[in-house]
Amino acid sequence: MNKAIEKEFVKKLEANQNIAHKICRIYATGEAEHKDLFQEITIQLWKAYPKFRGDAKFSTWMYRVALNTAITLYRKQKRRIKTQEWDQYAFKIKAEEYDDTTEQNLKLMYQAIKELNDIDKALVFLYLEDKNYTEISETLGISEVNARVKMNRVKKKLKELLSID
Amino acid sequence: MEELDILKQDWKKQEASLPQFKTEEICAMLKKKSSSLVKWIFFISLLEFAFWIGLEVFSSFQGYNDIFEKAGVELLYQLILIINYVVIIGFIAIFFYNYQKIKITDDAKRLMKKILTTRKTVKCYVWFNIVYFALSFMVMNYFVITNLQEFQNLNIWIFIGIMFGIMLLFIAIIWLFYQLLYGFLTRKLYKNYKQLEDLDL
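Protein chains in written order, with the UniProt record's numbering: chain A, 1 to 165; chain B, 1 to 201.
Bound conformation, chain A alone (with noise of 0.2 Å):
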C-alpha cells in the first residue's frame, strides 16, 4: 500500500496509542499478552484504515475497532509467563501520591476487574474513559437503557468482588 498513506496512519496510531493500551490493560495479563494484544489491534486498524473516514475522528474510530478486537477476534495464545511486574506498573509511581491503603484498594480494584468477563469489561473500561451511555451503547449495539441497567449490575459485581477479597 501507499507509503504515505501508512506514514499517515502511523502517525495517527502512535499519537492514540493509549487507547489501545488501556484496552490492554483491562483485558491482557502480563506483558508478552500485552504486546500481542497491542498488535493484533494495531493490524485490525490498519486493515480497516482505506475505510476509514476522514470525517469521523480517528479516535472515535480506534475505539470500535480496539474494543472489538479485544472482545471478539483476539485469540491469547497459550502462554505461561509470569510478568506480576509489568501488571502493577500503574501503581509504582503513585507511592507519593496516596497511602498505602488507597493504593491496595486500587490494586484490589483492578483484579477485580481482570474476574470480570468480557462484556462487563467492556464496559468497565468506557464508563472510565468518560463515554456517556448513548456512545456506550452505540460501541456495544444494546440499547441506551440496557446499558445503565447493565452498568449499574457491573458496580454491584465489582462491590461484590471487593467485598470477598
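Source of the hints: derived by calculation from the structure; they are not laboratory data.
For each residue, glycine too, the CB sits at the ideal point set by N, CA and C.
Don't take every hint at face value.
To be verified - Dumping the calculated DSSO-like pairs for lysine-lysine here, alpha-carbon to alpha-carbon at most 30 Å: (1) Lys12/A with Lys194/B; (2) Lys103/B with Lys51/A; (3) Lys121/A with Lys70/B; (4) Lys47/A with Lys39/B; (5) Lys11/A with Lys191/B; (6) Lys114/A with Lys22/B; (7) Lys114/B with Lys121/A; (8) Lys8/B with Lys76/A; (9) Lys3/A with Lys57/A; (10) Lys3/A with Lys39/B; (11) Lys47/A with Lys70/B; (12) Lys107/A with Lys12/B; (13) Lys155/A with Lys113/B; (14) Lys194/B with Lys114/A; (15) Lys13/B with Lys159/A; (16) Lys159/A with Lys191/B; (17) Lys191/B with Lys22/A; (18) Lys57/A with Lys32/B; (19) Lys194/B with Lys157/A; (20) Lys35/A with Lys123/B; (21) Lys76/A with Lys32/B; (22) Lys113/B with Lys7/A; (23) Lys33/B with Lys7/A; (24) Lys157/A with Lys191/B; (25) Lys57/A with Lys123/B; (26) Lys103/B with Lys22/B; (27) Lys57/A with Lys103/B; (28) Lys101/B with Lys121/A; (29) Lys159/A with Lys188/B; (30) Lys32/B with Lys12/A; (31) Lys76/A with Lys107/A; (32) Lys76/A with Lys70/B; (33) Lys57/A with Lys120/B.
To be verified - Here chain B is said to cover these stretches of chain A; the calculated rule only asks that three of the stretch's residues, wherever they fall, bring their Cβ under 8 Å from a Cβ of chain B: (34) 16–26; (35) 132–146.
Model the placement of chain B on the given structure of chain A, informed by the hints.
Just chain B, lined up with the frame of chain A:
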C-alpha cells in the same frame, strides 16, 4: 464515593505510566500476520468446502457409476449429482456474501452476529452434505439392489441395517471433529455474543 469512581481518578493519572511504542515498532507490527478469529474461520471454511468437493470428485473417478449403469439408474445418479453441485455453489456464494459483510467498525453485537452467520453457513453446508450423501446413498442402493439379479437372494433388511450403522458412525465422527475444531475457536465469541444478546432482551 463509588469504587468505580475512585478508580476513574486513578485511570486518568495512569496515562503517563503507560508503555509507549515508537514509530518503528508500530511499523514493524503492521508487517506481522494477524491471528484473528475471522481469519481462522475463513481458512477452515475454505478447507471444508474443498474437502467435500474433493470427496465428490474422488468418488466419481472411482468408477462407481458402472454399477448404476448396469442397474439402469444412471439418469437418477446424474440428477443427484447436478442437484448437489448447484446447492454447493449456492452455499459458497452465500458464504462469501456473508464474509464480505463482516466489518470491524460495526458495533460489537452486530459484528459477532455476522461472524456467527458466516460460520452457520458452513455448518449448514456440512450437514447438507452428510444428509444428502446419506439419502442418495440409500436411494441408489435401494434401486441397485432391487434391479440387479446378483443381489436378489441377499437379505435386504440386514443390508440396510449395516448401511445405517455405518452412516451413524460417520456422522458421529464428523460431529466429534467439529466439536474439537470449532469448540476452541468460537467458544469465546459465542459466550460474548450470548451475553450481549441476553442483556439486550
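Hints, one by one, checked against the model:
With a C-alpha separation of about 34 Å, the suggested pairing of Lys12/A with Lys194/B is violated against the 30 Å cut-off. Taken as a hint, the Lys103/B and Lys51/A pair is honoured in the structure, with Cα atoms around 10 Å apart against an allowance of 30 Å. About 66 Å separates the Cα atoms of Lys121/A and Lys70/B, which puts this hinted pair outside 30 Å; it is violated. At most 30 Å may separate the alpha-carbon atoms for a hinted pair to count; Lys47/A and Lys39/B meet this at roughly 12 Å.
Proposed proximity of Lys11/A and Lys191/B is contradicted: the alpha carbons are some 36 Å apart, above 30 Å. Of the pairs offered as hints, the one joining Lys114/A and Lys22/B holds, with about 28 Å between alpha carbons and a cut-off of 30 Å not exceeded. For the hint linking Lys114/B to Lys121/A, the alpha-carbon distance of about 22 Å falls within 30 Å, and the restraint holds. Under the criterion of a C-alpha separation no larger than 30 Å, the hint pairing Lys8/B with Lys76/A is consistent with the structure, at around 27 Å.
The suggested pairing of Lys3/A with Lys57/A holds, with an alpha-carbon distance near 22 Å, which does not exceed 30 Å. For the proposed pair Lys3/A and Lys39/B, the alpha carbon gap of about 25 Å is at most 30 Å, so the pair holds. A C-alpha spacing of about 57 Å is found between Lys47/A and Lys70/B, which places the hinted pair above 30 Å, so the restraint is violated. For the suggested pair Lys107/A and Lys12/B, the alpha carbons sit about 15 Å apart, so the restraint of at most 30 Å is met.
Taking the CA atoms of Lys155/A and Lys113/B, the gap is near 27 Å; set against the 30 Å cutoff, the hint holds. Of the supplied pair hints, the one linking Lys194/B and Lys114/A holds, its CA atoms being roughly 20 Å apart against a limit of 30 Å. With a CA separation close to 22 Å, the supplied pair Lys13/B and Lys159/A stays within the 30 Å bound. A threshold of 30 Å between alpha carbons decides the hint, and for Lys159/A with Lys191/B the separation of about 24 Å falls inside it, so the pair holds.
For the proposed pair Lys191/B and Lys22/A, the alpha carbon gap of about 23 Å is at most 30 Å, so the pair holds. For the hint pairing Lys57/A with Lys32/B, the CA-to-CA distance comes to about 26 Å; that is within 30 Å, so the pair holds. A hinted pair counts as satisfied when its Cα atoms are at most 30 Å apart, and Lys194/B with Lys157/A qualifies at roughly 19 Å. Annotation: proposed proximity of Lys35/A to Lys123/B is violated, straight-line Cα distance about 34 Å (limit 30 Å).
Restraint check for Lys76/A and Lys32/B: satisfied, since their Cα atoms lie roughly 16 Å apart, inside the 30 Å limit. The hinted pair formed by Lys113/B and Lys7/A fails the criterion: a straight-line CA distance of about 34 Å is larger than 30 Å. The hinted pair formed by Lys33/B and Lys7/A meets the criterion: a straight-line CA distance of about 19 Å does not exceed 30 Å. Of the pairs offered as hints, the one joining Lys157/A and Lys191/B holds, with about 19 Å between alpha carbons and a cut-off of 30 Å not exceeded.
For the suggested pair Lys57/A and Lys123/B, the alpha carbons sit about 39 Å apart, so the restraint of at most 30 Å is broken. Taking the CA atoms of Lys103/B and Lys22/B, the gap is near 28 Å; set against the 30 Å cutoff, the hint holds. At roughly 18 Å between alpha-carbon atoms, Lys57/A and Lys103/B fall within 30 Å of each other, so this suggested pair holds. In summary, the hint linking Lys101/B to Lys121/A is supported, as the alpha carbons are separated by about 27 Å, within the 30 Å threshold.
A C-alpha spacing of about 25 Å is found between Lys159/A and Lys188/B, which places the hinted pair at or below 30 Å, so the restraint holds. Restraint check: the Cα-Cα separation between Lys32/B and Lys12/A comes to about 19 Å, which is no more than 30 Å; the hinted pair holds. A threshold of 30 Å between alpha carbons decides the hint, and for Lys76/A with Lys107/A the separation of about 24 Å falls inside it, so the pair holds. Distance restraint check for Lys76/A and Lys70/B: the Cα-Cα separation of roughly 57 Å exceeds the 30 Å cut-off, and the hinted pair is therefore not satisfied.
Note on Lys57/A and Lys120/B: the hinted pairing is violated, with a Cα-Cα distance of about 35 Å set against a maximum of 30 Å. Coverage of the region 16–26 of chain A by chain B holds [criterion: at least 3 residues with CB-CB distance below 8 Å; count 5]. With 7 residues carrying a beta carbon less than 8 Å from a beta carbon of chain B, the region 132–146 of chain A meets the three-residue requirement, and the given coverage holds.
Taken one by one, the earlier hints fail for this structure at numbers 1, 3, 5, 11, 20, 22, 25, 32 and 33, listed in ascending order.
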